[in-house]
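Chain B with the ligands: place on chain A using the hints.
So the protein lines, in turn, are chains A and B.
The numbering of the first sequence is UniProt numbering, which starts it at 1 and goes up by one.
The numbering of the second sequence is UniProt numbering, which starts it at 1 and goes up by one.
Please note that the accuracy of each hint is not assured.
Claimed, not checked - Distance ranges between label pairs, derived from CB positions: (1) 227(A) x 136(B): 54 to 62 Å; (2) 177(B) x 153(A): 37 to 45 Å; (3) 172(A) x 44(B): 47 to 55 Å; (4) 29(B) x 222(A): 49 to 57 Å; (5) 149(B) x 177(A): 45 to 53 Å; (6) 66(A) x 28(B): 39 to 47 Å; (7) 191(B) x 193(A): 26 to 34 Å; (8) 92(B) x 112(A): 44 to 52 Å; (9) 193(A) x 44(B): 33 to 41 Å; (10) 152(A) x 29(B): 35 to 43 Å; (11) 106(B) x 136(A): 49 to 57 Å; (12) 99(B) x 106(A): 27 to 35 Å.
Worth flagging that the hints you see were computed from the coordinates, not collected in a lab.
Beta carbons: idealized from backbone N, C-alpha and C, even for Gly.
As a plain string of letters, each chain reads:
Number of protein chains: 2
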Amino acid sequence: MSPLISRILMIGLCFIPSELIAQTLPLTPNLINFNSSEGETFLIESTARQDYIPLSIQFETQENGAFCGVASMVMVLNALSIPAPKAPEWRKYKRFTQTNIFDNPKTQEVMTKDIVSKQGMTLQQLGQLLASYPIKVDINYGSEVTLKEFRQRLIDNLKQPNNFVLVNYLRSTMGQEKGGHISPVAAYHQQSDRFLILDVSRYKYPPVWVKAEDLWQAINTKDSASGKTRGFVLVSVE
Amino acid sequence: MSPLISRILMIGLCFIPSELIAQTLPLTPNLINFNSSEGETFLIESTARQDYIPLSIQFETQENGAFCGVASMVMVLNALSIPAPKAPEWRKYKRFTQTNIFDNPKTQEVMTKDIVSKQGMTLQQLGQLLASYPIKVDINYGSEVTLKEFRQRLIDNLKQPNNFVLVNYLRSTMGQEKGGHISPVAAYHQQSDRFLILDVSRYKYPPVWVKAEDLWQAINTKDSASGKTRGFVLVSVE
Ligand SMILES: [Ca+2]
Ligand SMILES: [Ca+2]
Ligand SMILES: [Ca+2]
Ligand SMILES: [Ca+2]
Numbered sequence: 001m002s003p004l005i006s007r008i009l010m011i012g013l014c015f016i017p018s019e020l021i022a023q024t025l026p027l028t029p030n031l032i033n034f035n036s037s038e039g040e041t042f043l044i045e046s047t048a049r050q051d052y053i054p055l056s057i058q059f060e061t062q063e064n065g066a067f068c069g070v071a072s073m074v075m076v077l078n079a080l081s082i083p084a085p086k087a088p089e090w091r092k093y094k095r096f097t098q099t100n101i102f103d104n105p106k107t108q109e110v111m112t113k114d115i116v117s118k119q120g121m122t123l124q125q126l127g128q129l130l131a132s133y134p135i136k137v138d139i140n141y142g143s144e145v146t147l148k149e150f151r152q153r154l155i156d157n158l159k160q161p162n163n164f165v166l167v168n169y170l171r172s173t174m175g176q177e178k179g180g181h182i183s184p185v186a187a188y189h190q191q192s193d194r195f196l197i198l199d200v201s202r203y204k205y206p207p208v209w210v211k212a213e214d215l216w217q218a219i220n221t222k223d224s225a226s227g228k229t230r231g232f233v234l235v236s237v238e
Numbered sequence: 001m002s003p004l005i006s007r008i009l010m011i012g013l014c015f016i017p018s019e020l021i022a023q024t025l026p027l028t029p030n031l032i033n034f035n036s037s038e039g040e041t042f043l044i045e046s047t048a049r050q051d052y053i054p055l056s057i058q059f060e061t062q063e064n065g066a067f068c069g070v071a072s073m074v075m076v077l078n079a080l081s082i083p084a085p086k087a088p089e090w091r092k093y094k095r096f097t098q099t100n101i102f103d104n105p106k107t108q109e110v111m112t113k114d115i116v117s118k119q120g121m122t123l124q125q126l127g128q129l130l131a132s133y134p135i136k137v138d139i140n141y142g143s144e145v146t147l148k149e150f151r152q153r154l155i156d157n158l159k160q161p162n163n164f165v166l167v168n169y170l171r172s173t174m175g176q177e178k179g180g181h182i183s184p185v186a187a188y189h190q191q192s193d194r195f196l197i198l199d200v201s202r203y204k205y206p207p208v209w210v211k212a213e214d215l216w217q218a219i220n221t222k223d224s225a226s227g228k229t230r231g232f233v234l235v236s237v238e
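For reference, chain A alone in the conformation it holds in the complex:
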């Protein structure tokens, strides 16, 4: 091999983009990795990113395969800064965790931790579990909203502080593996018409910018556990 080609190859090896050596699953071309130059640019250009910092500083990984809804709830409850329970691991400090979120008797009346660990949760159950805390909860089924309504309701929320959006969608509709999933939405990028999902299964996928239409299609899918469509939940302080 010529020294020049060898040198070019070495330079190439020194600058492998982090996307190529990631542990997570590959993304289909319709999805844009947040952890990329383009993904960063979209955040900088976004004019509907009021929820991004509050959510990103609470970002956490779902503790098991059924806990996407639980991790998403913990993120928004911590981001809303409502009174939180103690967590024994941190002595006097108070913070929602994927364990102590079930300490509230009203939450347990909706579903116990054991049941959620076995079967996850439907859109309605997500809304009911959230409503067991002193916040305002608005459940929206995919079947009830046009693309235009869906886009506008999310944008309105993403421009306001102290309220948040959680989406319940079918991954396979937007090119991911595979089933129903729940995560918070953190921002909207107008030029590309994309929403930023902070995917709580961080072992599996990075956060992605997804086309509004793809996400709307993915929430307008039937959940066999409920017989209804998936959708989104808006939460705010009361």
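Okay, now just chain B with the ligands, sitting in the frame of chain A:
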């Protein structure tokens, strides 16, 4: 009360900034909350934020009071995308956690999970624990660097991908409660001469923008466990 005053008070109550109802401890005026308008502006204006997105999407909370170093290591190892161990809770997926990071026999030779749980770690131990993985580790003591050198080494790193900065500092020196602490640094803001610390004790403090000089003073403090000063560690893929 006049209807006008009553209306003003109501509007006031509807727009309580999230800082005022946060669960975390209050910040002294020398520190700027990342979760604020000014904190967001600094990120947008930063020209040394290459590490911000890779670290922020791996942000996690230390699992107990002694695990600041462990949580910081987990964040940078996941951000470096080096081969990770399996975690039983996520079946086939691989990702560093504050538990499986100790599965590596070379890591255990430095310190076991039990010992770190009891006594935390010094700067040198942080470097040695990191070096038990296939990455390049550069340990820097606070006593060895001028403010100018400290600022420049961090800025150089924060402008490059695939390498990261961890700081070991005394909280009380920069106005926080209270002892030695470890967290990753995610960005630098030139106009205000501040670094962004993604504080892993998320139950206690939000991420903060701290003056370069304050952080330099806080790493140039003696750790009674080692008899040496605290400092910072630079890590990169080999
Ligand atoms: Ca509704
Ligand atoms: Ca909002
Ligand atoms: Ca050195
Ligand atoms: Ca870097």
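Comparing the hints with the structure gives:
no., hint, verdict
1, 227(A) x 136(B): 54 to 62 Å, "holds, 55 Å"
2, 177(B) x 153(A): 37 to 45 Å, "holds, 41 Å"
3, 172(A) x 44(B): 47 to 55 Å, "violated, 35 Å"
4, 29(B) x 222(A): 49 to 57 Å, "holds, 54 Å"
5, 149(B) x 177(A): 45 to 53 Å, "holds, 47 Å"
6, 66(A) x 28(B): 39 to 47 Å, "holds, 42 Å"
7, 191(B) x 193(A): 26 to 34 Å, "holds, 33 Å"
8, 92(B) x 112(A): 44 to 52 Å, "violated, 27 Å"
9, 193(A) x 44(B): 33 to 41 Å, "violated, 22 Å"
10, 152(A) x 29(B): 35 to 43 Å, "holds, 40 Å"
11, 106(B) x 136(A): 49 to 57 Å, "holds, 51 Å"
12, 99(B) x 106(A): 27 to 35 Å, "holds, 31 Å"
Hints 3, 8, 9 from the list above are not met by this structure, while the remaining hints are.
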